[in-house]
Amino acid sequence: MTSLPKNPPKKKLGLVIDLDICVGCHACAVNCKEWNSGGHSAPMTDTEPYGADPTGVWFNRIHSFEVENEETGGRTVHFPKSCLHCDDAPCVTVCPTGASYKREEDGIVLVNADHCIGCKLCSWACPYGAREYDEDAGVMKKCTLCVDKIYNPNLPEESRVPACVSTCPVGARSFGDLGDPESDVSKLVAKRGGYDLMPEQECKPTNKYLPPRPKKIGREGQAPELVPVADSSAGVIARWVDKFLSA
Amino acid sequence: MTEGIVLRDERADTSPIVSDEVKYTTCYMCACRCGIKVHLKDNKIRYIEGNPDHPVNKGVLCAKGSAGIMQQNSPAKLQKPLLRVGERGEGKFKEIEWEEALGLAAGWLMDVRADDPSKLAFFTGRDQSQSFTGWWAKQYGTRNFAAHGGFCSVNMAAAGLYSIGGSFWEFGEPDWDLTKYFLMFGVAEDHDSNPIKIGLGKLKTREDAKFVSVNPVRSGYSAIADEWVGITPGTDGLFVMAIIHELLNAEKIDWEYLKRYTNASWLVIQAEGEADNGLFARDATGTALIATPSGKLLPNSDRKADPALVGTYTLPSGRTAVPAFQLMAARYLDEKYSPDAVADKTGIKAATIRRIAAEIAEVAFEQEITLDIPWTDWAGRRQEKMIGRPVSMHAMRGISAHSNGFHTCRAIHLLQMILGSIDVPGGFRHKPPYPKPCPPGPTPAGKETQANTPLDGMPLGFPKGPADLLVDDAGNPKRIDKAYSWEYPLSAHGLMHSVIHNAWAGDPQEIDVLFMYMANMGWNSSMNVPDTIRYLTDKNPDGSYKIPKIIYSDAYSSETVAYADLVLPDTTYLERWDCISLLDRPISSAHGAADAIRQPIVTLDRDVRPFQDVLLELGVMLNLPGIAAEDGSALYPGGYAEYMVRHERTPDIGPLGGWRGEDGTGQGRGTPNMKQLDAYIANGCFWEKKFTPEQSYYKFANKSYLDEAVRMGWLAMPGQVMMEIYSETLQKFRLAAQGFGELQPPDHLRPRIDTFFDPMPIWYSALEEEGLPQDDFPLHAVTQRPMHMYHSWGGQNAWLRQITARNPLFIHAETAAAKGIADGDWLWVTSPHGRVKAQAKLMQGVNPHTVWTWNAIGKRKGAWNLKEDAPEATKGFLLNHIISQLLPAREDGYRYSNSDPVTGQAAWYDLRVKIEKCAADEYEETEPMLPPQDHFGLPEPTELLRYGADLKGEASGLAPVAMKDWIGNREENAGQKSGIRPGHGNKLTDVPGKEKE
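So the sequence lines, in the order shown, correspond to chains V and C. Counting in full-length UniProt numbering, the first sequence runs from 1 upward without gaps. Counting in full-length UniProt numbering, the second sequence runs from 1 upward without gaps.
Simulated from the structure, these hints should not be mistaken for lab results.
Label-pair restraints from in silico Cβ distances: (1) V:GLY129 x C:PRO932: 32 to 42 Å; (2) C:PRO773 x V:VAL67: 33 to 43 Å; (3) V:VAL67 x C:ALA949: 35 to 45 Å; (4) C:ALA822 x V:THR55: 23 to 33 Å; (5) C:LEU944 x V:LYS191: 40 to 50 Å; (6) V:THR55 x C:GLU662: 50 to 60 Å.
Here the structure is a predicted model, which means the values were calculated and not measured. Just so it is clear, CB atoms sit at the ideal spot from N, CA and C, and this is done for glycine as well.
Kindly produce the complete structure, drawing on both the sequences and the hints.
Rendered as structure tokens:
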């Protein structure tokens, strides 16, 4: 069993994902795979990449589904999911070797590949299914929150952001310190009613989701009904002749 | 919690060295043409990200662009020129040297050119160098050139360019910053994908706008729409006309806009049975007339006139005329366009149509935008403010790919004109070099062709009347695809989908060489794939192929490669020079003009050549003027890169607009600058010239903009671009059909032209449905691309295929339940033309009378160097298999192309089908199933991909820097936080040396 940091991290880096505007384009998932292919947990091994069952390591996956509601109508939801960097991360406490750990300085949950024995206990423990086992390497891999990007002075300032955030075309992904109530991301969460995924699991996830806003299907009185200016098409044109030509 | 192991000997390296070098170029994974930064390590691609300064993508990058690494790493890349040794279709080749390949190609092409250059049919695909490939065809002397547009978007281009002088997507965009009501029609995910996503993100997070998606399927953008309107395919025109009906009835009309900026006030001659009936009344100088309310007739150029939009006026000849507006109003005020009348056909409740019309009217007229930006119109009238009607619209493939798409798109533009929302704050905005006059001209060249002689103009153009058609004395088509004939007069992008059939049939002519470039015309870029393959492989009694010679250039081992006699392997987009030119389809936005280049990023590791270089080489071998000097030497010995810099289409205007002139200060115009490419590279491979606020709206009538457009070479004259609610051009064709004028269509085409060349938008059901027992084929069937693959032609990607490698047939759950169909069942999907086998997937968010699938997932076994058991081949299917490229035979046996009768746009969304469960023993694999394609000469694809294992960065030893909060390109946050540039991803404003916006 592995301990969480003795002093719970004050800084809680994480993602805020806006389900109101995610169109399910997979840009975040692919850009993540691309960055991390040469990143902290490289490679993101793919098996049968050109065969019958292409599968590989992805730190971020998009789930698309429909929700039907008789009152508000149906909705198609695109739901991106990656490690939520939980405060009470069961993937860490379940780890028998100390390979899985939570960083004290920023709360990022990482795997030390040198100590991972590939027992997969962490993937069983994670209620979100956010761990990715690399069959070829025999180790568990996962979202690093681009730990090798966000602090990296070898990159220009504007690139120091998780790949999934900077690439998101609609701007549905934000990144910051959710431990600081004054941070931009915390304010965004407060304003939009951001929520924890499956709070009943008591993992205290850091990442937050912003719920879809109510649809703006016409409401009573929103726009006045159009009133015909005459009873017939001939009447309408006659009215215009009258209006414009008799002056 | 019990105390556990604390093992913290790892210190994650937060500061690795990422790359040796970062190079800028332009993405080519679709038609978006985003700016990218490519990080390189050991000449391998470490990472591709969006360029934050780029006007198209502003730092973001989609799934395709992000998967560029796997496009470069693909085992499907062709390796060397190939000469066919087996039968066509088998994929059996021998590798040959370039010298032999070019010699063969040049020999074939030289013989054709010396005989009859039109026996070369040169068709390119989603080619981003059309101003060059089209020019090459012109210099060669064949009229038989076109690209992908006839399959894809010509209805949108033609309807826009014949109505408002611009068009959706490439030549226009919604005013994302100011629009308050955004209507998106049909599948539109395929084009302008990142700009639309950026725009939707802005619009939605601004919280003061409504986004309505009118689409049979609730996927993609429709999923985040404030309102999804699940319309029945092909009925959008009726829906729009019903909105127009409502607006007219309630007098929600921008009268002044119509008077000033459209031809609504022009007088239309009412003289049934006369040669000029329905044309504009004109004065002696040919200027169209208007009437004042008191009945005085004046030329429309009269700057002080306040024209009447209604009334009946007597012309000097004694005949009568009425303003175009009155004809338009009378048509759409008719009860047949009322919401009640169209509700059944469109599948939209009348109350919903009425409500949407009311919402549009409320936003347009009660939420008017006023910008304090003075401007002067073309006539010198100063305006103190810019008035905006913040309703905007966008449409693309979903409207385009129907046989009624031209008129439907024109109806959308008519709606925008009535609202006064085109190129105004909050509305639909033009992108330079548009707007241009309707139609923009020039006309198509190639009335006559001569041996060894260039055409007298570019092969593609815009007919202004019957005299511009390419037909013989009997009125028969001259082009191989029958473009610009009486059958499809305004086919401004050609009819790619007709070429292979027509070449096989020798109708209207036989060809000798079919030359294709990056167009998978033997597969997903054709309708009726089984017969298309038959045409490509069919032989004469003497054993020769009916289509004698096929040359194909592609970078990858696509299905079409197997049908080529000679394969000229192209490079990937990261191995080439390219230009995205203002002469063709630039990357401009409403904010300014822009163009871009590609530069080679990685070193070639195979014996392939960039197609544009190959065309220049062939041009020299063929001694084409403009490419070869008189002494036979190359005019551009440095290849396409040199052409991009030194070629001048007209004096001082060339492929690239930036850094022209000897000193590099010229913008738009200037002599060639040999350091131009260096300047582009230093600027991130693009050039942008932003408009001043004064030039930003009302471009069609804005003196400052129009003068600028003339300076830049976009317009010949700084006159007003008059929008056309009434198309006299269309009426000219109709008059010909009615027997007037010198040039007459063949008799059998008269009713067709008379019907479809209505000068105002009409609606008709899909041509294919005529005579079709609809109860036998009760469902509409449409397709779209998944967002991570849309509009991409490199159809195989190791990462993207992990997301989608097979495509089900999506069916409304209730429709499926009625037939006892469950998820995963195998179905026969049968059209009047054929049947294909697919697996069912049930859903709710789809029009119940519509089934749909992801397009272009299905692949032929063995193609793209995939394993034969790849799901793309065993479970993926193409709906194209069952879409006929021809309409049912007429009485005399003749079959028209299954296309829009105005533009020739392929009508592949008109498909009707029925579905039935397969017998139990028919499960497991899709049909039709072709024998596997040999992937000759390609490396065996790997079973295990560890890409990047060797790219992990070494430690730099640098200390980590403080991280910052980063918030997406959302207006709400941009407003709250300093340091976020709205609409520019995560671009900081406070980066030293970077200008603030």
